[in-house]
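Novice: Sequence:
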Amino acid sequence: MDVLCVNIPLTVYFMICTGYEAVGSYSQNNIRIKGLENVCNMLDALDFSGEYMLLFVFDGVLRFRVKVFENSQIETPIGQFLRGLGEVGKRNMKAFYFEVKDCHMRAYEYGVDITAEYRNVCQSWLMVDHISAYVGFRCWTLQTRHRHDRKRFIINDGWLTFRLDNDIE
42 MDVLCVNIPL
52 TVYFMICTGY
62 EAVGSYSQNN
72 IRIKGLENVC
82 NMLDALDFSG
92 EYMLLFVFDG
102 VLRFRVKVFE
112 NSQIETPIGQ
122 FLRGLGEVGK
132 RNMKAFYFEV
142 KDCHMRAYEY
152 GVDITAEYRN
162 VCQSWLMVDH
172 ISAYVGFRCW
182 TLQTRHRHDR
192 KRFIINDGWL
202 TFRLDNDIE
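Under our numbering, think of the first position of the sequence shown as 42, with each following residue one higher.
Hints should not be assumed to be uniformly reliable.
[Unchecked claim] Quick list of in silico lysine-lysine cross-link-like pairs, DSSO-like style, CA-CA up to 30 Å:
| no. | residue 1 | residue 2 |
| --- | --- | --- |
| 1 | Lys142 | Lys192 |
| 2 | Lys108 | Lys192 |
| 3 | Lys75 | Lys108 |
[What the hints assert, rightly or not] Pairwise CB distance ranges, derived in the manner of DEER restraints:
| no. | residue 1 | residue 2 | range |
| --- | --- | --- | --- |
| 4 | Asn48 | Asp143 | 32 to 38 Å |
| 5 | Ser66 | Glu140 | 22 to 28 Å |
| 6 | Asp143 | Asn71 | 52 to 58 Å |
| 7 | Asp208 | Pro50 | 41 to 47 Å |
Bear in mind the hints are in silico, worked out from the structure with no lab data behind them. None of these values were measured; they are calculated from a predicted model. Built from N, CA and C at the ideal position, the CB exists for glycine as well.
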């Protein structure tokens with residue numbers, strides 16, 4: 042366990058896919074993460090009912106992404122439970138925009154380039170990562186990745202479903 046926890050900083054953040062974060066801490070002496078009650082407070086504010094499993098994915102730097110799974114082991118988009126968190130969590134929402142062009146409307150998944158002007162938004166992403174896109178209370182998970190030069194970014198998977206579900210033509 043010592044080897045696995047060597048890179049965890051003393052202060053950590055728990056982030057749910059809506060962009061809200063809660064602060065926690067890591068005790069190197071006890072090899073324990075504290076602050077999970079803050080995650081529970083965030084999830085209580087999201088009006089969950091039923092049984093769910095939580096998966097904490099460490100980004101290797103500061104953040105644990107909290108993913109929620111139903112008993113059937115299907116990931117649940119947290120956006121469908123969103124009722125407003127108020128002061129429970131701090132919102133860390135980053136956004137970017139792109140113009141939908143003819144090349145984005147193909148019948149197959151080609152990918153959508155994210156322009157360099159949004160590099161500061163994308164820099165924290167892993168080489169292959171996932172972001173959440175929202176329309177109202179509906180949520181989609183889109184796969185992103187860095188181009189080989191690590192200066193350009195692309196929505197690599199999920200765009201076709203997002204486009205079709207929202208009648209983007």
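Novice: Hints first: check each against the structure and report whether it holds.
Specialist: Comparing the hints with the structure gives:
1. Lys142 with Lys192: Between Lys142 and Lys192 the Cα gap is close to 21 Å, so the pair holds against 30 Å.
2. Lys108 with Lys192: It holds: about 28 Å lies between the C-alpha atoms, which stays within 30 Å.
3. Lys75 with Lys108: 18 Å, holds
4. Asn48 with Asp143: 32 to 38 Å: With Cβ atoms ~44 Å apart, the hint is violated.
5. Ser66 with Glu140: 22 to 28 Å: 43 Å, violated
6. Asp143 with Asn71: 52 to 58 Å: Because 57 Å falls inside the window, the suggested range holds.
7. Asp208 with Pro50: 41 to 47 Å: The hint (41 to 47 Å, Cβ to Cβ) holds, given that Asp208 and Pro50 are roughly 44 Å apart.
Checked against the numbered hints above, the structure violates hints 4, 5; every other hint is satisfied.
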